[in-house]
Structure formats: C-alpha cells, structure tokens
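Keeping the supplied structure of chain A fixed, place chain B upon it in accordance with the hints.
2 protein chains.
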Amino acid sequence: MTRFDVIGLDADDTLWHSEDSFLEVERHFVELLTPYVAVGVDIPGALRATEQRHLPISGYGVKAFTLSLVECAITVSQGKVPANVVGEVLALGMGMLTEPVRLLDGVAEVLADLGRDHRLVLITKGDLVHQSRKLESSGLAHHFAHIDIVMEKDEATYRRILGDLGVEPDRFCMIGNSVRSDVLPVLAIGGDAVHVAYHITWEHELVDHDGSIVSAETLRDVPALLR
Amino acid sequence: MTRFDVIGLDADDTLWHSEDSFLEVERHFVELLTPYVAVGVDIPGALRATEQRHLPISGYGVKAFTLSLVECAITVSQGKVPANVVGEVLALGMGMLTEPVRLLDGVAEVLADLGRDHRLVLITKGDLVHQSRKLESSGLAHHFAHIDIVMEKDEATYRRILGDLGVEPDRFCMIGNSVRSDVLPVLAIGGDAVHVAYHITWEHELVDHDGSIVSAETLRDVPALLR
Numbered sequence: 012m013t014r015f016d017v018i019g020l021d022a023d024d025t026l027w028h029s030e031d032s033f034l035e036v037e038r039h040f041v042e043l044l045t046p047y048v049a050v051g052v053d054i055p056g057a058l059r060a061t062e063q064r065h066l067p068i069s070g071y072g073v074k075a076f077t078l079s080l081v082e083c084a085i086t087v088s089q090g091k092v093p094a095n096v097v098g099e100v101l102a103l104g105m106g107m108l109t110e111p112v113r114l115l116d117g118v119a120e121v122l123a124d125l126g127r128d129h130r131l132v133l134i135t136k137g138d139l140v141h142q143s144r145k146l147e148s149s150g151l152a153h154h155f156a157h158i159d160i161v162m163e164k165d166e167a168t169y170r171r172i173l174g175d176l177g178v179e180p181d182r183f184c185m186i187g188n189s190v191r192s193d194v195l196p197v198l199a200i201g202g203d204a205v206h207v208a209y210h211i212t213w214e215h216e217l218v219d220h221d222g223s224i225v226s227a228e229t230l231r232d233v234p235a236l237l238r
Numbered sequence: 012m013t014r015f016d017v018i019g020l021d022a023d024d025t026l027w028h029s030e031d032s033f034l035e036v037e038r039h040f041v042e043l044l045t046p047y048v049a050v051g052v053d054i055p056g057a058l059r060a061t062e063q064r065h066l067p068i069s070g071y072g073v074k075a076f077t078l079s080l081v082e083c084a085i086t087v088s089q090g091k092v093p094a095n096v097v098g099e100v101l102a103l104g105m106g107m108l109t110e111p112v113r114l115l116d117g118v119a120e121v122l123a124d125l126g127r128d129h130r131l132v133l134i135t136k137g138d139l140v141h142q143s144r145k146l147e148s149s150g151l152a153h154h155f156a157h158i159d160i161v162m163e164k165d166e167a168t169y170r171r172i173l174g175d176l177g178v179e180p181d182r183f184c185m186i187g188n189s190v191r192s193d194v195l196p197v198l199a200i201g202g203d204a205v206h207v208a209y210h211i212t213w214e215h216e217l218v219d220h221d222g223s224i225v226s227a228e229t230l231r232d233v234p235a236l237l238r
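First to last, the sequence lines map onto chains A and B.
Following the numbering used here, the numbering of the first sequence begins with 12 at its first residue and continues without gaps.
Following the numbering used here, the numbering of the second sequence begins with 12 at its first residue and continues without gaps.
Next up, chain A with everything else stripped away, as it sits in the complex:
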C-alpha cells in the first residue's frame, strides 16, 4: 500500500540541468555586449527586465529567452551593436535548443523505483517543442504515463491535470525544484509535495513562504520519503 497513486515530476532542474545553461549563456552575452555598452550599465539587470516584460506575452522557455537576448542587445547598446554580434547572440540562445540533455544524478534509478508502484506524470512549464525534444533524448520518456507541458503551474493547472488523471489531490504528490511552481500550488489544492532544491534558482521562481515544506537533499532521497 503506497501513500500516493500518482507522482508528478518537474523536468528542468529536477530531472536534468537547465538553469546553469541560462547563466552560462548570460555570461557569454555580457562578454559579447560589453564593448558596445556604456560603462556602468547593468547588462544582466537589463536582460532580466526585458525577460519580465516579455513573460506574459512570450512565456517561458528558450525561444522566449532568445528573443529577450536579441532585444536587450539592441536596447542596452543603444543600437550600437553590429549585426554580426546580434547574430552571435541569436546563435547563443538558439544553441540551447539543441544542447544535449544532462541528467541529474540518479534520475533513471529513482524513476524506475517510483514507477514500480506509482503512476508517474511529467508536469513542466516551457516550450512544447523544446521540452518534448529533451524528454525524447533523455531516455526517460518510457517512465511516464502522461506528459503535461503547461504555461503556468498554478492551482488551476494542477486541478485540471488531477481531474484529467482522475486522481484525488490527497493521492497525488509533486516533486520539483521550485517552491513557487511545484510545491505551494499543490499544497493549496490538498495535494502533497517534496521540494528538491537545485543549486541555482531562477530569480522569477523565488518566493517568500512560511509554513513547513518537505524537502529532500537529492532526488535519491525521495523514494524513502514517500513510502
């Protein structure tokens, strides 16, 4: 007898590395742009402001991020960046779309273990094509009974997914690296959640919260917590 019927898993920074690529691209972006930008201008700050402005229109994911990189390159340099450098910026972003997937430690074993007595469901934000490509090339797709790539992980989204799956909230547990997206909305609808931190958290996902949250040091510690 298990405590849960369905276990939801986040993808980026829960199953495979993601945020570190964004930071690496940002670092390159700053290097490329610095010669064309006035001294003292905060390039990462400008990029984050552009991303935040675009978020409701273009959503999460690498394509949206790349569009923000290009726009920010032009505005932050006041139009002084040459086209070939814009081309390099574009290639930096687009390159993330075909980067090999780098699994986090122990992921395949943990999914095999949890999958023995639970239905596993992948619930991830981001771009349809890119997330599907990563899942396919990860060699993990066969562990999942259902894949849901969503725009926003809020209470309404989780309610809709549990409804589609025909599972009661108290038989559902979500596992992921974002307190904001993977934990709080699931607890709010009466489900359970385990937070597995990644070493970097995207600023947008940071959230203040009180109340107790169940955390695991790594994904390897999750099965024991759930049983």
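The set of hints was computed from the structure by calculation and includes no laboratory data.
Since this is a predicted model, take the numbers as computed values, not measurements.
Virtual Cβ for every residue (Gly too), placed ideally from N, Cα, C.
Keep in mind that a hint or two might mislead.
In silico EDC-like links for lysine to aspartate or glutamate, alpha-carbon gap of 20 Å or less [unchecked claim]: (1) B/91 to B/53; (2) B/91 to B/42; (3) B/91 to A/116; (4) A/91 to A/42; (5) A/91 to B/30; (6) A/91 to A/53.
Label pairs and their calculated CB-CB ranges [stated by the list, open to error]: (7) B/89 to A/89: 35 to 45 Å; (8) A/179 to B/179: 27 to 37 Å; (9) A/229 to B/231: 56 to 66 Å; (10) B/236 to A/114: 32 to 42 Å; (11) A/63 to B/117: 55 to 65 Å; (12) A/179 to B/156: 21 to 31 Å; (13) A/127 to B/89: 50 to 60 Å; (14) B/180 to A/153: 24 to 34 Å; (15) A/163 to B/126: 55 to 65 Å; (16) A/60 to B/219: 42 to 52 Å; (17) A/148 to B/111: 35 to 45 Å.
This is chain B only, laid out in the frame that chain A set:
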C-alpha cells in the same frame, strides 16, 4: 442521432485569420531589408529557407518565425543591416503575439450550432502561450470541451487525442484548412474530415494527394454536411 460524437476544429485560418498576418509581416520585412541586400537576392526565398531549417528545432508559431526573421535579416544582408533595423524586424514579429484576434465569418454561430449535439475539441499546432492567448481573447473558449495544442498533427497525435477522449475514430470528424494536417492523417486512422480552405495556404502545408476529400466552401456550410 448524429453521425459523430466529437468534432475537432483547427484554429489558425479555420476559426480566425492567421496566415495573412505572416504575409503582411513578410512584406514589411522585405521593405525593411531591401536597402541592405544586394540587388536580385530573393529575400522571401531566404526567409522560407531559414524557417524550414529551424522548423525541427523551434517548431511552429510566431516566436519561431520571429527568430527566423532576425537570423534571415542578418544573413541576407551579409551583416550589413544596422541594429536598429534588426530591432524593427524583431518588433514586427513580436507584434504578432499581441495582435487582436480576427474571427472568420460565422464562426461563433457555427460552433454554437455544432456544440448542441457534439463534443467540440480544439486541435491546433503552434505555441502554447500564443494559441492560448488567442483562444482566450476570441470569446470562443467556452464552446470547447477540450483543447489540445500539439507539435505536429500526424496520425500518432490524432490517435493519442482520440484515446484520451475515449472516442472511436469513426465517431470523430476533424474540420480545418490544411489538407496535410487536418484531413489526411485523420482519414488515415479511420476518422472523417472536412476541408474548409482559407484563401492563403502556407507553402509548408501544401501537399499532393489523390483520393476524394470532402470540402466546404466556408465554415457556415459545415453543419449541414455533418448531419
């Protein structure tokens, strides 16, 4: 007694105008780029080649199209386009994401009519955020029992959707403007389909086919055809 339980509807160029915006943006793009491009260079041809190359990586939709516009602007001008013109190109593409939805004639009435005795399902390719935004602002969302935004409309996709809906192919009819995406794969899995042509067809959706296809002049003619 109806012939079908579930009716699938495509969105772009079936419920609302879409392809004409892409063509309008392309026209502006050519105007913007012409001063920086050698005489005789086929700018629309270069754009289409860029799009085709990006398609497996970035998929369908406006964000992918905008990334292609930016890349093409740089390559087709051999890096001679100034950054502020690249900015205008980017804004052209991004502007499509917030364009108001323009419904095709009679859409709301036809959905209300068909919805009286069928479950209606929206099945569309493209970008999760943009398609959701268009549907929400269209005032049509309440007609649909289910929304599926997919990467590719092929036999496997339709089989998966019909499985999720618990409907047999012979009780399903798809309506859309693309023979390639809305008609042929549905017929191939034993479903029915009605082709409702839009006045422009994206080159990528053109397909050679033999065999008979049921066509309606406009969406208004569909209910009579289905009953």
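Here's how the hints hold up against the structure:
1. Our distance criterion of 20 Å between C-alpha atoms is met by residue 91 of chain B and residue 53 of chain B, whose separation comes to about 16 Å.
2. A C-alpha spacing of about 15 Å is found between residue 91 of chain B and residue 42 of chain B, which places the hinted pair at or below 20 Å, so the restraint holds.
3. The straight-line distance between the Cα atoms of residue 91 of chain B and residue 116 of chain A is roughly 46 Å, outside the 20 Å bound, and the hint therefore fails.
4. Of the supplied pair hints, the one linking residue 91 of chain A and residue 42 of chain A holds, its CA atoms being roughly 15 Å apart against a limit of 20 Å.
5. Straight-line distance between C-alpha atoms of residue 91 of chain A and residue 30 of chain B comes to about 34 Å, which puts the hinted pair past the 20 Å bound.
6. Between the alpha carbons of residue 91 of chain A and residue 53 of chain A the distance comes to roughly 16 Å, so the proposed pair stays at or under 20 Å and holds.
7. Take residue 89 of chain B and residue 89 of chain A: their Cβ atoms lie about 23 Å apart, and the range 35 to 45 Å is violated.
8. A hinted range of 27 to 37 Å for the beta carbons of residue 179 of chain A and residue 179 of chain B is consistent with their spacing of about 29 Å.
9. Range check, residue 229 of chain A to residue 231 of chain B: about 59 Å between beta-carbon atoms, so the 56 to 66 Å window is met.
10. Restraint check, residue 236 of chain B to residue 114 of chain A: a C-beta distance of roughly 51 Å breaks the suggested window 32 to 42 Å.
11. In this structure the hint that residue 63 of chain A and residue 117 of chain B lie 55 to 65 Å apart at CB is violated, the actual value being about 40 Å.
12. Between residue 179 of chain A and residue 156 of chain B the beta carbon distance is about 22 Å. The supplied range of 21 to 31 Å therefore holds.
13. Distance hint for residue 127 of chain A and residue 89 of chain B: a CB-CB separation of about 58 Å, consistent with the stated range 50 to 60 Å.
14. For the pair residue 180 of chain B and residue 153 of chain A, the supplied restraint of 24 to 34 Å holds, since their beta-carbon distance comes to about 26 Å.
15. Separation of residue 163 of chain A from residue 126 of chain B is about 27 Å and departs from the stated range, judged on CB atoms against 55 to 65 Å.
16. Remark: the range hint 42 to 52 Å for residue 60 of chain A to residue 219 of chain B is upheld by a beta-carbon distance near 49 Å.
17. At roughly 38 Å, the beta-carbon separation of residue 148 of chain A and residue 111 of chain B lies within the given 35 to 45 Å, and the hint holds.
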